[in-house]
Every structure is written in C-alpha cells, then in structure tokens.
Amino acid sequence: KAGVTQTPRYLIKTRGQQVTLSCSPISGHRSVSWYQQTPGQGLQFLFEYFSETQRNKGNFPGRFSGRQFSNSRSEMNVSTLELGDSALYLCASSLAASGGIYNEQFFGPGTRLTVL
Amino acid sequence: LAKTTQPISMDSYEGQEVNITCSHNNIATNDYITWYQQFPSQGPRFIIQGYKTKVTNEVASLFIPADRKSSTLSLPRVSLSDTAVYYCLVGRLNQGGKLIFGQGTELSVKP
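If you read the sequences in order, they're chains A and B.
If you count by my numbering, then the first sequence holds residues 1 to 116, one letter each, in order.
If you count by my numbering, then the second sequence holds residues 1001 to 1111, one letter each, in order.
Rather than coming from a laboratory, the hints here were simulated on the basis of the structure.
The reader is advised that the hints may include incorrect statements.
Pair by pair, the computed Cβ-Cβ distance ranges are [to be verified]:
no. : chain 1 : residue 1 : chain 2 : residue 2 : range
1   : A       : 12        : B       : 1040      : 19 to 25 Å
2   : B       : 1108      : A       : 28        : 34 to 40 Å
3   : A       : 42        : B       : 1092      : 19 to 25 Å
4   : A       : 51        : B       : 1013      : 44 to 50 Å
5   : B       : 1008      : A       : 104       : 23 to 29 Å
6   : A       : 104       : B       : 1023      : 22 to 28 Å
7   : A       : 65        : B       : 1040      : 26 to 32 Å
8   : B       : 1056      : A       : 14        : 48 to 54 Å
9   : B       : 1013      : A       : 18        : 43 to 49 Å
10  : A       : 57        : B       : 1080      : 48 to 54 Å
11  : A       : 38        : B       : 1081      : 21 to 27 Å
Restricting the straight-line Cα-Cα distance to at most 30 Å, the calculated cross-link-like pairs of lysine-lysine (DSS-like) are [claimed, not checked]:
no. : chain 1 : residue 1 : chain 2 : residue 2
12  : B       : 1003      : A       : 57
13  : B       : 1003      : B       : 1054
14  : A       : 57        : B       : 1069
We treat Cβ as the ideally placed atom computed from N, Cα and C, and that holds for glycine.
Construct the complete structure from the given sequences, taking the supplied hints into account.
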C-alpha cells in the first residue's frame, strides 16, 4: 500500500506570497492532519480534516488554512508568507473514524518551505 | 493534555540497550502513552503505545509503572540506524488526528 505523499517536497517563496501544499493520504484513510516543524518550536499541530470537515485546529493565525476533498486528499494554504513560516510541513493520515477514535498516524516525508 | 518531560539528548553505542524515560505527572485516567520516532528530514513514525504495565512489539518495549506518572521506552541492542528523535505523547484515544508533541529525545548511537 502506498504511503502518504506530499507535493512539492521543496519550495522557495518570498515574503508576502502565498503557497499551497498538497497531501495524498493512504488509501482508505479519511483523517488528514497537518503539522509544522521548526527548530525553535518543534512539531506543532495545525489542523485536522475528516470527511471534508475541519475537526481539530491548533493555535495558528488565520493565514494558515486547509481543506479536504471528497477523495480525502488535502491541501493547506499559507497566505501572506512571513520569514517565520519557513519550516517543514508534515501531513499525516489515519483511519480515525467519526468520533475521533485514536488510530496510528502515518506521516508523509514533508514539504520543506523556505521563505526569503 | 498531560505535559511530558524527556531528556533532551542521549548517547549510546551499538549493541547496547537504551532506555528513554518520559515523565507525565498529570496523566489522566483516560490517557494513553504513545511513542513516535523521527529520522532527520522525515515524518515521525509510530513505535508503540500502552496504557499500563508492559507492552512489547518487534521494535521496542514500553514499561509503565502502576502510578503511570512516567514511562520508559526500551530499545534492545540499538544500531546506528536507531539514531533519531524519540517523542513521548500522552493523550486520550478519542482526540482524533491531533497529536501534541513535546521536545523529544535526540538519541545518538555511536559505533
């Protein structure tokens, strides 16, 4: 079974621009979560989508948004990029059923975003 | 969510057993303990999960004392490829796809 895929793997943008990252979960997984990883703040939860609805949200500004499509693929968007948005953005998928029963999360390789 | 405390870094040598302890003094009754492993420039990978006593799988063992205020991840006979960051997470099973990561323990295995 194919793992979680993320595109692109690397991205360079300039301040003020916006960016869209894509995540394809493992087939059959309906929950997709996004995380930001930086050397200073570590791994931080951004948001989770399940059945096209945002189910959980972390403490990030509104510039960070996401969506999930009917095939469970997800995108996250960051608008008005700041230097501090430079990070590894990780996507994870799980079987997590409605109601949020825990299932192991499978992470993708991440998208390395550099903001200049 | 219970806060976790782990050593920032540990060193070991190939072939040794490594024990990483995680402190979670305010763990709740419904909380489970989960460990993830992360290699550089990769996403974390689930290692093991438990509620109490001992859990063992093909990769590691997890020891949880009766008071559950701490837990120990045991890696038998480590190799260079076990060099990674190990995260201890504590939380309810029904929190959906939201994982709260602490600082993790950076394990360095030397030849």
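For each hint, the structure was consulted:
For residue 12 of chain A and residue 1040 of chain B, the Cβ-Cβ distance of about 20 Å falls inside the hinted range of 19 to 25 Å, so the restraint holds. Between residue 1108 of chain B and residue 28 of chain A the beta carbon distance is about 37 Å. The supplied range of 34 to 40 Å therefore holds. For residue 42 of chain A and residue 1092 of chain B, the hinted distance range of 19 to 25 Å is satisfied, since their beta carbons lie about 21 Å from each other. A C-beta distance of roughly 48 Å is found between residue 51 of chain A and residue 1013 of chain B, which places it inside the suggested range of 44 to 50 Å.
Roughly 26 Å separates the CB atoms of residue 1008 of chain B and residue 104 of chain A, a value that falls within the hinted 23 to 29 Å. One distance hint, 22 to 28 Å for the beta-carbon pair residue 104 of chain A and residue 1023 of chain B, holds here, with the actual separation near 24 Å. Between residue 65 of chain A and residue 1040 of chain B the beta carbons are some 29 Å apart, a value that agrees with the proposed interval 26 to 32 Å. Remark: the range hint 48 to 54 Å for residue 1056 of chain B to residue 14 of chain A is upheld by a beta-carbon distance near 50 Å.
Take residue 1013 of chain B and residue 18 of chain A: their Cβ atoms lie about 48 Å apart, and the range 43 to 49 Å holds. At roughly 39 Å, the beta-carbon separation of residue 57 of chain A and residue 1080 of chain B lies outside the given 48 to 54 Å, and the hint is violated. The hinted window of 21 to 27 Å between residue 38 of chain A and residue 1081 of chain B holds, with their beta carbons roughly 25 Å apart. The straight-line distance between the Cα atoms of residue 1003 of chain B and residue 57 of chain A is roughly 19 Å, inside the 30 Å bound, and the hint therefore holds.
With a C-alpha separation of about 21 Å, the suggested pair residue 1003 of chain B and residue 1054 of chain B falls inside the 30 Å cut-off, and the hint holds. For the proposed pair residue 57 of chain A and residue 1069 of chain B, the alpha carbon gap of about 28 Å is at most 30 Å, so the pair holds.
This entry does not satisfy hint 10, going by the numbered hints stated previously; all others are met.
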